[in-house]
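Q: Below are the chains, spelled out letter by letter.
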Amino acid sequence: MSKQAMSQSPVLRRRETVVSYLFLLPALFFFVCFVVTPMAMGVVTSLTDSHMGGGSFVGLKNYVELFQDPVFLKSMVNTVIIVVVSVPVVTVFSLWVGSAIYEMRASARSFFRCVFYLPVVTGSVAVVVVWRWMFHTYNGLFNHLLTGAGILDRGFSFLGDPRTALACVILILFTTSIGQPIVLYVAALGNVDSSMVEAAEVDGATRMQIFWRIKWPAITPTTLYVVVITTINSFQCFALIQLLTSGGPNYATSTVMYYLYETAFRQYQYGYADAMGVVLAIVIALFSALQFKVMNGGATE
Amino acid sequence: MRNGRKKSYVVFSVILLIVLAILFLFPLYWIVTGSVKDKADILIKAGESVRWIPFTDVSPTLANYDNLFRSTTELFRFEAFGYTVTGPEIPMALRWLFNSVFISVMAMLLSCITASLAGYVLAKKRFYGRAALFTLFVCAIALPKQVILIPLLSLSTFLGIANTSWAVICPVVGWPFGVFLMKQFSETIPSEMLEAARIDGAGEVRTFWSVVMPLIKPGFGALAIFTFINAWNEYPLQLVMLTDNVEKTIALGIAGLQSSDSTDYGLIMAGAALASVPIIIIFLIFQKYFTQGITMGAVKG
Chain A
1 MSKQAMSQSP
11 VLRRRETVVS
21 YLFLLPALFF
31 FVCFVVTPMA
41 MGVVTSLTDS
51 HMGGGSFVGL
61 KNYVELFQDP
71 VFLKSMVNTV
81 IIVVVSVPVV
91 TVFSLWVGSA
101 IYEMRASARS
111 FFRCVFYLPV
121 VTGSVAVVVV
131 WRWMFHTYNG
141 LFNHLLTGAG
151 ILDRGFSFLG
161 DPRTALACVI
171 LILFTTSIGQ
181 PIVLYVAALG
191 NVDSSMVEAA
201 EVDGATRMQI
211 FWRIKWPAIT
221 PTTLYVVVIT
231 TINSFQCFAL
241 IQLLTSGGPN
251 YATSTVMYYL
261 YETAFRQYQY
271 GYADAMGVVL
281 AIVIALFSAL
291 QFKVMNGGAT
301 E
Chain B
1 MRNGRKKSYV
11 VFSVILLIVL
21 AILFLFPLYW
31 IVTGSVKDKA
41 DILIKAGESV
51 RWIPFTDVSP
61 TLANYDNLFR
71 STTELFRFEA
81 FGYTVTGPEI
91 PMALRWLFNS
101 VFISVMAMLL
111 SCITASLAGY
121 VLAKKRFYGR
131 AALFTLFVCA
141 IALPKQVILI
151 PLLSLSTFLG
161 IANTSWAVIC
171 PVVGWPFGVF
181 LMKQFSETIP
191 SEMLEAARID
201 GAGEVRTFWS
211 VVMPLIKPGF
221 GALAIFTFIN
231 AWNEYPLQLV
241 MLTDNVEKTI
251 ALGIAGLQSS
261 DSTDYGLIMA
271 GAALASVPII
281 IIFLIFQKYF
291 TQGITMGAVK
301 G
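Protein chains in written order, with our numbering: chain A, 1 to 301; chain B, 1 to 301.
Pulled out of the complex, with its shape left as it was, chain A reads as follows (with noise of 0.2 angstroms):
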C-alpha cells in the first residue's frame, strides 16, 4: 500500500484526501466538539478565576495555590499510594491468573475470565453500595463474622478508620480492575510461539525457565499496555471514594479526582478544579512516559 501511496499522483491523493475526510466528518464532529474543544477550555479556565458565572484572568495563581493546599497535596499523596499499590499488585496478579486459566480447559476458561470480569461489567455503583454494606460497622457482614469467631470484641468501622480505609478502597479497586487484564493476558499468552515452548520442555526446562526466557519476553507488549491503563485508570479513582467515603474521614481517602469533583460541583471554583485537572494529566502522562522508558529499556536488554 504505501508503495502504491508513493506513485499516487497530487490530484489523486487530492480526491483522496476529500474523499477521507468526508468519511472522517462524523467522527471529527464528536471529537473536536466533545473532547478537543473541552481539553483547550480546561486549559484556559485554570488560568482564570471562574467560578459561578464570570471570573477574571491570573495567570498561574490557581497553580501556586495548588501545591500550598494542604489537602490537594494529601489527595495527590493518596492518588500515588493508591497507583503505587495497585498497579503491581494489579499486573502480577493478572499475569498470574492469565497463566493459570490458560492451561485449562477452554471451558474452565471462559468461566474464569467471566468472574473476574464481572466487577467491571455491573459497574462501580453496583459494586460499592454492597462492599460498604459488607462493611459497615454494625450491620456489615464482615464485622459479625469477626465478632463471631472472637478476633474482634465489637464492631470495626473499616471506612471510618484512616488506617483502613484507604486499603478498603484498593481492595474494591482491585475487584474492578484485574478483569480486562487477564483477558488481555490470556490472549497474549495464545500467541505465544508453542513450538518454542515445546523445545524448552523436551530440553528439559523447568516452567520458571520456561516463563521467563521464552512466555515473559513474547508478552512484554501487553504487560506495558496493561501497567500503563491500570495506571490511568488508578490515578482517575473517583467514583469509588464518592461512593464509599466521601474522601474521608478528614480527607484520609481523598484522591486528586475527588478533591477535583468536590472543589467543582461543591464549591463551583472551577478555575482552581480545572488547575487541579490540568495537574493530574501532567502527572499521568509523566507516569506513562516514564513506563514506556523503564520497559522498552527492559525489552531492548
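Hints are computed from structural coordinates only; laboratory data are not their basis. Mixed in with the good hints, there may be bad ones.
[Unchecked claim] The list that follows gives simulated cross-link-like pairs (lysine-lysine, BS3-like), each with its CA atoms no further than 25 angstroms apart:
id : chain 1 : residue 1 : chain 2 : residue 2
1  : B       : Lys7      : B       : Lys125
2  : B       : Lys124    : B       : Lys217
3  : B       : Lys124    : A       : Lys215
4  : A       : Lys293    : A       : Lys215
5  : A       : Lys74     : A       : Lys61
6  : A       : Lys215    : B       : Lys217
Assemble the complex: chain A is given as a structure, and chain B must be docked to it using the hints.
A: This is chain B only, laid out in the frame that chain A set:
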C-alpha cells in the same frame, strides 16, 4: 520429585482460583439475595447467625422491589408543534433503567457509525494530515477523560443539552477509542479487494457499504458491546450531567437511594440488582465479541 511439585502447584493454583472466584462472585450473590430479604432478615443481630441462603433460612420477599417501584413518572415527555406528548405512567426506577438503556443504545449506534467510517479511512486511505490526526486520536485516548468533566458541563449548558441524555451520549461517542479499534479491524481488509471494487466501478460509498462493512462485522460486534457497557458505567459523566431525578440513569438512581437512606439495604440491593442483572445478561450473550474487542484495542497500532 519434579512431577510431584508440578502436581501440587496445579492443585494449589486451582484452589486459589476457586477461592478468588468465590470472592468475586460473592458481592453479586449478596446483592441478589439481599434484595429479597425483609428488614428483619437483612440486619444481622449480634449473636445470631448470618442468613445466607434464600428459601432455607430466609423467606424471600418482593417488598423491596415494591418499594423501589413505588414512586412513578412518565416514560417520556416531549413537546412538538405545541403539543405535549407523554408516555405511559411507569415506576421511577424503570424510567432510570430506560434512561440507561437509551444512553447506551444511542452511544452504541453513533459510535458504530462514526468509528467505522473513520477507522476505515485511517487504515486504508492515504490522505494529507493522516499521521497527525491519528497521533491526536491516540494522545486523546491516553489522556484521563475525567479531567474534562467541568468544561464539558459548561459546554453542554451552552449547547442546551445539559441534564439530558445527550450530554452523556455525545462525549462517549467523541471518545476516540472506537476509531482506534475500528482502524485495527480495518487493517485486516485486503487492499486487493478494495482495488477490485474500484476497478469494477464501485464508488466510495458503495465500496464501504458492500465490501468494507461485511469484512469488519466482528469489529462492529466488539465496538457495540464495548460502547454499550462503557456508556452504561460512565458514572462520573452521568453524575455531573444529569441532575433531574427523571433524567437519572439507574446507576445514579441507586447512588441516590444510598445517600437518602444508607441503612435500607434491601431497597438499595433491589436497585443494585436492577442495575447489574440486565447488563450481566447482555455481557454473557455477547461475551465473545467483547473479549475480541478488548484484545484488538490493545494491539499497538
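Q: Given the proposed pairing of A:Lys215 with B:Lys217, does the C-alpha separation stay at or below 25 angstroms?
A: 32 angstroms, violated
Q: Take a quick look at whether B:Lys7 and B:Lys125 sit within 25 angstroms of each other, Cα to Cα.
A: Since the Cα atoms of B:Lys7 and B:Lys125 sit roughly 54 angstroms apart, the hinted pair is violated (cutoff 25 angstroms).
Q: Quickly compare the C-alpha distance for B:Lys124 and B:Lys217 to 25 angstroms and report which way the hint goes.
A: Status holds; Cα separation ~16 angstroms.
Q: Within a Cα-Cα threshold of 25 angstroms, do B:Lys124 and A:Lys215 meet the stated pairing?
A: 33 angstroms, violated
Q: Does A:Lys215 sit within 25 angstroms of A:Lys293, going by the straight-line distance between their CA atoms?
A: This hinted pair holds, its Cα atoms lying about 21 angstroms apart.
Q: What's the verdict on A:Lys74 and A:Lys61, does the C-alpha distance respect the 25 angstroms limit or exceed it?
A: Within the cut-off at roughly 20 angstroms; holds.
Figure legend: structure checked against the earlier numbered hints; hints not met, in rising order: 1, 3 and 6.
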